[in-house]
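Number of protein chains: 2
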Amino acid sequence: MPEYRKDPVVKRWVIISTERAKRPHDFQVQPEEVKVAFCPFDYGNEHTTPPEILAFRPADTQPNTPGWWVRVVSNKFPAVDPELPVDRYGHGMYDAMTGFGYHEVIVETPDHESTFALYDYKQAEEVVWAYVTRFRTMAKDERVKYILVFRNHGKEGGASLAHPHSQIIATPVVPKTVQEELDGAKDYYSYKERCVFCDMINQEKIENRRLIEENEHFIAFEPYAARFPFETWVLPKRHSHDFGSITEDEVRSFARIMKDVLHRIYVVLNNPPYNFLIHTAPVFEEGKTYYHWHVEIIPRLTRVAGFEWGSGFYINPVPPEDAARYLTENYQEALEKQSK
Amino acid sequence: MPEYRKDPVVKRWVIISTERAKRPHDFQVQPEEVKVAFCPFDYGNEHTTPPEILAFRPADTQPNTPGWWVRVVSNKFPAVDPELPVDRYGHGMYDAMTGFGYHEVIVETPDHESTFALYDYKQAEEVVWAYVTRFRTMAKDERVKYILVFRNHGKEGGASLAHPHSQIIATPVVPKTVQEELDGAKDYYSYKERCVFCDMINQEKIENRRLIEENEHFIAFEPYAARFPFETWVLPKRHSHDFGSITEDEVRSFARIMKDVLHRIYVVLNNPPYNFLIHTAPVFEEGKTYYHWHVEIIPRLTRVAGFEWGSGFYINPVPPEDAARYLTENYQEALEKQSK
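Residue numbers (the working numbering), protein chains in the order written: chain A, 2 to 341; chain B, 2 to 341.
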């Protein structure tokens with residue numbers, strides 16, 4: 002029986018359509034053949050990217066040469082430009098602003114063939130440190146209002162280069178979806194005097210039907226009103242509105258849970274394309290009491306996007322309870338098969 | 002120079018990224034090979050679909066037999082179910098509702114190989130009459146709060162069957178994107194005491210840099226803060242919040258402009274996948290003074306969707322002024338080439 006479910010944060014209704022219910026093997030992902038002769042993110046090609054902004058590398062190596070294990074550079078085709086001033090202007094009835102902003106690429110590893118799901122914990126942690134370091138630096142720029150860390154994986158996920166990388170975009174405006182979350186979380190707080198995300202963590206732990214992973218500082222579950230099959234959220238257990246305020250202990254814990262969750266998705270769904278995004282409060286803004294930073298992981302398994310884009314109406318053929326079961330049971334099975 | 006632009010209705014900022022500027026031939030669309038042995042929408046296969054709800058056919062033909070020129074049936078895999086009651090219930094902190102609703106398919110023509118862009122005006126008009134007829138019938142059901150007419154074209158557009166068809170979904174809740182438009186239009190009205198869409202029509206006519214088509218009752222342009230390359234909006238010139246209140250004259254005019262605009266897109270972009278959606282006010286609701294129904298046409302040319310989904314931040318590599326120029330100049334060129 003189909004069911005409407007409402008996202009408690011942004012109040013978006015989604016249709017959980019059991020009539021179209023699908024199992025993991027229905028999402029056959031074709032292995033992508035993204036063979037390119039030349040990759041600018043491989044060792045030895047450092048001179049073909051913009052100069053490195055940050056690199057984790059041995060002290061005795063030179064910038065923009067091999068030896069690094071994580072490397073951050075400007076996007077070669079940036080959507081926004083850090084050299085521009087922030088000027089607001091009108092155009093008749095319309096409003097516009099110069100395209101100031103940062104747009105950087107985090108090359109996560111020199112290993113062209115790897116991906117986040119396959120890193121060891123140490124490498125995952127180093128990648129997260131690169132996120133945190135660039136985030137904190139950008140947050141000091143008073144022109145910056147929002148910093149978005151995200152990762153596109155696979156061609157369908159929008160990755161134009163196969164080499165494992167993430168991106169950071171910093172802008173003088175707040176993305177609409179985040180603003181909606183802030184507004185919704187504020188509404189909830191003004192009614193309940195509690196954080197809606199903290200409440201979700203509690204309910205998910207009590208109910209225990211959509212949980213995927215939990216470790217010392219983080220928890221991962223399929224959201225109740227999931228828009229997409231196998232959509233997964235990762236939240237810090239400590240209430241915090243600001244990704245930049247993550248502690249050293251939490252970085253370790255965060256890297257582990259991201260690797261663990263992405264590995265489940267990798268194994269159960271056969272390395273599907275996906276996006277993940279870190280949602281955090283705007284820089285220099287309120288949100289301290291009522292917002293809670295988190296990661297949204299969106300596997301790109303369905304093609305119904307245009308309709309959803311235009312309407313904001315999502316039809317999800319995999320109930321999140323089923324997705325959670327597949328990501329636990331099928332994952333175990335797959336691991337057992339492998340070890341035989 | 003990149004620029005942020007703000008949608009005057011929903012206040013969404015988009016990045017118009019000229020660094021990544023693209024021309025129509027950069028959006029190379031691979032001709033899709035969707036050859037299937039059997040199509041349930043072809044003449045002679047009427048018995049393989051759910052029974053027809055509405056059909057335009059000669060008086061001397063039987064229902065569910067050939068002869069029709071437009072045919073409406075229930076979706077064989079409906080996302081929602083008209084037999085269910087509308088029951089709201091809680092689940093811990095979460096809210097849910099039974100999956101009541103209509104989900105129908107408009108088979109637009111018996112001609113498997115055709116598409117909206119290629120219909121003659123008469124056929125386009127008949128399709129619009131099918132939309133209007135079903136819309137008005139569903140609007141009488143008091144359980145229905147919103148009726149969404151939309152069309153998915155091409156595999157990337159989410160069409161699972163190649164045979165030309167549209168869909169209607171009627172639900173007891175308002176889709177989020179439409180609710181945002183209603184809220185935004187209301188804000189604008191409370192500030193200006195004018196309809197934001199009427200203002201847009203005026204500015205587009207005066208500026209004349211994003212216009213695509215205009216006829217007696219309708220106008221089509223690329224919106225100032227377009228999210229996607231070649232995103233195109235079609236609006237009635239008469240202020241009206243309700244698609245169901247379209248007049249006979251307007252139906253004729255609407256069918257013509259839809260065919261004309263889609264034909265431009267078909268020719269200039271080589272039959273790309275797309276979605277179009279009719280946005281109208283909710284049934285039995287306010288919106289009369291401040292909302293204005295319209296169509297949003299979204300060609301599916303870029304793959305950056307996951308990031309945009311998650312953030313609500315759109316990066317558009319084709320300024321709408323350029324898109325408008327291509328859809329007028331390149332269209333003329335292409336027609337002249339054809340006629341030689």
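Note that these hints are calculated values from the structure, not bench results.
Each hint should be verified, as a subset may be incorrect.
Stated by the list, open to error - DSS-like mimics (lysine-lysine), calculated; alpha carbons at most 30 Å apart, straight line:
1. A:LYS187 to B:LYS193
2. A:LYS146 to B:LYS156
3. B:LYS177 to A:LYS289
4. B:LYS193 to A:LYS156
5. A:LYS7 to B:LYS238
As the list claims (entries may be wrong) - Calculated Cβ distances over 10 Å to all of chain A for the following chain B residues:
6. ARG6
7. TRP70
8. LYS123
Unchecked claim - Some chain A residues near chain B, calculated using beta-carbon distances under 7 Å:
9. PRO51
10. PRO52
11. GLY91
12. VAL174
13. PHE285
14. GLY288
15. LYS289
16. GLU297
Glycine included, each C-beta is placed from N, C-alpha and C at the ideal position.
Hint by hint, which ones does this structure get wrong, listed from lowest number up? 2, 4, 5, 6, 9, 10, 11, 13, 14 and 15
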